[in-house]
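Novice: Here the protein sequences line up with chains H, Y, D and P, keeping their order. Reading the first sequence from the start, the letters are residues 1 to 648 in the numbering used here. Reading the second sequence from the start, the letters are residues 649 to 1148 in the numbering used here. Reading the third sequence from the start, the letters are residues 1149 to 1320 in the numbering used here. Reading the fourth sequence from the start, the letters are residues 1321 to 1420 in the numbering used here.
Honestly, I wouldn't trust all of these hints.
One-sided and incomplete, this derived list gives chain H residues near chain D with beta-carbon spacing under 8 Å [as the list claims (entries may be wrong)]:
| id | residue |
| --- | --- |
| 1 | 632 |
| 2 | 635 |
| 3 | 639 |
Using 25 Å as the maximum straight-line C-alpha spacing, the simulated BS3-like pairs for lysine-lysine come out as follows [claimed, not checked]:
| id | chain 1 | residue 1 | chain 2 | residue 2 |
| --- | --- | --- | --- | --- |
| 4 | Y | 1098 | H | 30 |
| 5 | Y | 672 | H | 174 |
| 6 | Y | 1123 | Y | 1016 |
| 7 | H | 172 | Y | 1016 |
| 8 | Y | 759 | Y | 672 |
| 9 | Y | 1098 | H | 172 |
| 10 | Y | 754 | H | 174 |
| 11 | P | 1419 | D | 1237 |
| 12 | Y | 1016 | Y | 1135 |
Source of the hints: derived by calculation from the structure; they are not laboratory data. Just so we're clear, the structure is a prediction, and the values are computed from it rather than from any experiment. Glycine residues also receive a C-beta, built at the ideal position from the N, C-alpha and C atoms.
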Amino acid sequence: MESGLTFNLVPWVVFLPLIGLSINLLFGRKFGESFSGTVASLATGLAFVVSVILAVALANHPEGVTVPLADWITIGSLTVRWAFRVDTLSVVMMLVVSGVGTLIHIYSIGYMHNDVRHNGDEGRYTRFFVFLNLFIAAMMILVSADNFLMMFVGWEGVGLCSYLLIGFWFEKGKNGTGNSEAAKKAFIANRIGDFGLLIAMFLIFVNFGSFEFDAVFSQAAAITADKPGVMLAITLFMLLGVTGKSAQLPLYVWLPDAMAGPTPVSALIHAATMVTAGVYLMTRSAAFYMLVPNAQSVVMWVGAATALFAATIAVAQYDIKKVLAYSTISQLGFMVAAVGMGATVAGMFHLITHAFFKGLLFLAAGSVIQGVERGMHHGDHGTDPQDMRQMGGIRKQMPVTFWVYLIGALALSGIAPLAGFFSKDEILAAAWTSQPGIFIVLALAAFMTAFYMGRQLVMVFFGDARSEAAKGATESKLVVTLPLMILAGLSVLGGLLNLPGLHTLEHWLEHTLGKVEPAHFVWLVAGISLVLALLGLGLGWMIYSRKNEKPFVDPLKKALGPLFTGMENKWWVDELYAAVILNPYKAFAHFMAEPVDLGVIDRIGGGLAAGTRAMAEGLRKLENGYIRTYGLLMLLGLTAILTWLFLH
Amino acid sequence: MSLNPLLLTIAFPLAGVVVMLLLKAKWKNAIRWTALLTSLVTFGLSLWMLSQFNSASPDLQFEINQAWFSLGGNPIGFHIGVDGISILMVLLTTFLTPLAILSTWKAVDEKVKSFMAFFLLLEVGMLGVFLSLDMVLFYIFWEFTLIPMYFLIGLWGGERRVYAAVKFFLYTMAGSVLMLAGILWIGLQYGSFNLTQLVGSGMIPAAAQLWLFGAFGLAFAIKVPMFPLHSWLPDAHTEAPTAGSVILAGVLLKMGAYGFLRFNLPLFPDASIQFAPWMAGLAVVGIIYGALVAYRQKDVKKLVAYSSISHLGFVVLGIFALNLQGLQGAILQMVNHGLSTGALFLVVGMLYERRHTRLLENFGGLWKVVPVMGTLALITMLSSVGLPGLNGFVGEFTILLGAFGSEAIGSPWFAGVATLGVILAAVYLFHMFQKLFLGPVIHEENQKLKDVSVREILILAPILLLAFWIGLYPKPFFMLMAPAVEKLTTIIQSAALLAQ
Amino acid sequence: MTLNLLLFLALAVIAIASAAGLIMSRNTVYSALFLIINFLTVAVFYLVMGAPFIALAQITVYAGAIMVLFLFVIMMLGAEKPNEIERMKWQRPLAIVLSGAILLEGVYALITRVAVNVTTSPATEALSDPKTLGISLYTKYSLPFEITSVILLVAAIGAVILTNKSRKEAGK
Amino acid sequence: MIPIAYPLSLAAILFIIGIIGFLLRKNAIVIFMCLELMFNAANLVFITFSNYYQLIDGQVFVVFVMTVAAAEVAVGLALMVAIFRTKHSIDIDQMNSLKG
């Protein structure tokens, strides 16, 4: 097959989901649930097929191509096109997005069927799939863009979908507004990041005169030599964008709240794909970061700090999805740190495996949640189906879910030979050779990862049921469990992608990223990481499998005391932001709105009016209605005029 | 002689008014249809003008110059013409007017005849402003728009309508009086009121440009409105009837920005360069300030009104970037703001028609009750927020890009701070959307609201389609204005070269 | 010469006295009578200065018709005597001071600008003939003359309308 | 003959007396008469200068002044009657409802 023609298929990865959502928008409600779900899944599935075809074509022509579609903005020297880029990096992302995306679509057919009934608005079933397809389209734009600006379209587009899906049950949540608040928070936190990205893009255009990747990156070295400060600014502003989208310190706060969205959303957007966009961006812009060592060290320390910080919080959470959310932040920290160290391939590798096992974990958690929901008595509002303290022993009722969850948890913990072991090990190995400080932080984070996953496994699946609902939980249907099994398979085998010694992924990506010296497989590092993982899991097992009183009290609470309280309360970061940013902003806005705008600026005009009125009041007194006074005034004027005439 | 499309476009609404005068006041529907058809035909005529327009030429086209009277020996003519900048404004006017008229179908039931007559007269005035090439004629049309708008606010407005109408009138009047002085000074001192003769002639010395820039600039800055001359806007917007708000935000504010483009930049290029950092500074203050104040409003219309201040700040920033990206972005953003904010006001008007309140606290959870309206409102809000893929982004991005690299402004800090406005826009608009459409339905009255009617979809759909078009493929718009804007930048650049 | 001067001075004294009487008399009827005296004396001046037509018109129209109208209204309204207590405290002193100032300025102007030896001329045929006046009125001043007639007409109609009692009540 | 300064002075004095009457009296009819007095003073000046310049125009103007004065008196007195009917007074100070 002529590969040029094949590459021209690339716009369809965007068009197919758009077609899917259009069909659902127009006919979805008419033809019912199974129609909507099938159309959406089919659209995403076909996008996956296209991605596979592209990947096959790319295997023969690994240098990749750019497929222009249309001009977008043309002003003077500014030319931005709608153009798609097919290279090894973008196709990998496309495969992950559409592959995992398809599985999650299929899963959602079953999950949302229950979810819309549980939340009492069946009409929203179609809307969910419309949003989901919109997300796939936006994500595809993001990863397939040939220039920064088009990528930004996808970048904000996925942010919008994230907003819409977090707020999917917009009338639910704390006080009825909790979910919509969470959605708003996510969008605004992302916008703060986007601000950074926008500034970075302005700097890029002003200095490079283009937004296209090839044109920009080819000049990077020359510009760095010329204006090192500019490059530092670009990379750091870009990092701000990354911290927003990929939930790094200090902008990570939106991600835990984002768990308000339905679980497939958490899996797809807030674990597997969207949040990795930042990592993708930095990998794509690796040519920049390589040139600015200072920026690199900032990036890696941000990543490492996030990895550890989020892991500590994950240890003390009770909400099954919150644990996974903080875990996601932590793992994203690993990826960012990897890219910061220049180990872009390791970062991408971890991105892919993380998409598998974290997607799996979230979906399985969703299965658990719905199992518990099914176990709830009708009208039972006391049980929170996401609270791990009210679970326990679910292994028996939901065997399939248990096994896939176990696989996911082990993969995340980094147990050989599952996917997470290899990818995490590559990052640790990279740190071992170059950045000992980072290595220690990341190793600690890895240990805690294993610990909280052990804790979660025990609390959810082992021991005795701690609530009626948990006792009555039932296994999910095949449409839900099948994607779980496929993902579990991927989580087991994902490590094959970049086995030490073979480095398949590295060789695949080097066409785009250039030759990256793969970190040598260090037996010592692998050993340390494996031991840490086992130690963490074991410790979790030991602490939590002991008999626990009712209601459940975390055994760590006694052992760690105030430290645990801190972790439990997420180190009060939300409260800190509220006190330092949110409330001052509100107060300042209020100050501007009332004392300044109404009190001062509005009064400028009002003051002029009042001055005129006062003057008029004064003059009005002269017009007293007495004809004789008017006569007198006339006489006064006459005298004055005559006097003036005489004096001249 | 073939028919002149400009003359037809500008005169046709007048014909509609004449027809309407012959109708009895109680034939309300006949009057409404007359007004709607008139405005639709006017739109059609403007499209015909577009089809005849040569977009490759930077020159003024379809010029008419009919001598009228003379002042100080200098002829004043009925001189109209259109170029790539004004044609967009004309199209925006003729596009929004029928939609605004359609939005009054149910909302205005008293004195329909005079309402519609004023509305069409307003259209004539606005078209006149955008087409005039004679300074005195421009001034006449400029002031003429005040009269119908004054009555639209004062007669069909909300509770404080008289206060708002008077405030609107006085503010605008105060500014334009100085402009009149400037016009007369130029005409008598430099011997022409004809814009085509004055532009690029270099007749006006740099020293005189400074105060003339101020005189014209004040009138335009009030109209835009720029911080701190904006305080007429929230009142006028809030009290005006929906259609009035739409036209006010959609077109009337653009007259200010258009004035900068048509007068200040080409007539006073030296002063423009000199004042560019100051104007940009004020624009940035306006962007941030409007966004901050908008966030704390309790009245939806006020919120949107303050958002206009913020958005128009972007337009002014783009204009005074004095480069291609900034100027073209600003012109596009003028159109964008007309569409987005116009649509926002339409949505608010629809809510008001149903609930007779505009306070945020009286709404909530409406997306569940009126899903279609919720979706339309969401898209409108997103276009206003500047989401890529919709119109607002293209304008804002090009403006900021232009301002960031602008030599005239001289520092990227202006654009940098202005970019913060992008965050703040999300803050107040998402806050608004949440308070209106998300969360639970708290008020019993909101449970049974009716979703949008076909008429209301017909109003919003064209706007939103255009929003997508501009967002995804703005090239035709940029192509249309490019030659005229390039000509403008050439004038400014040559002035800058001369000054060195 | 001296006879003329004596006549003038005597009449001037009468004129000033009657004018003063006009404004000082409490009774409105007396005021009207003082005014008639004043008109008559001034009419003599007109005669002396060669304007017999004007002098006669003054006597017949002014002193005759108009003043009769005044007296008629005074009688009709009952010759009311309003309370003359001044409530506006600045009115009286200011009026007197300003009037004095104007008078002084007038006198100053006369002294500085009009020489004493410039005298009036004796009556000439051309000027005192009413025919001259008539020709002038109907040729050079025909337009103002016609307008005056319209004014008179309007005034007459206006006076009728203003005092028409029934119409006013009907309007209520 | 007499110096023209004399009749002019007389006119000035009469005029001032008229003014003082106008400003100090409250009886509307007396005020009217003061107006007539001032017209009269003006007429005197016209006649004086008509004589001095030997021109008929001065006399013509006196004719006009007289007619206008007659019209004014007619309307004015009619007003007076109308006002008296509603206010039952011709005190000029009571006619002060037209004020700012």
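Novice: Which of the numbered hints above does this structure break?
Specialist: 5, 6, 10 and 12
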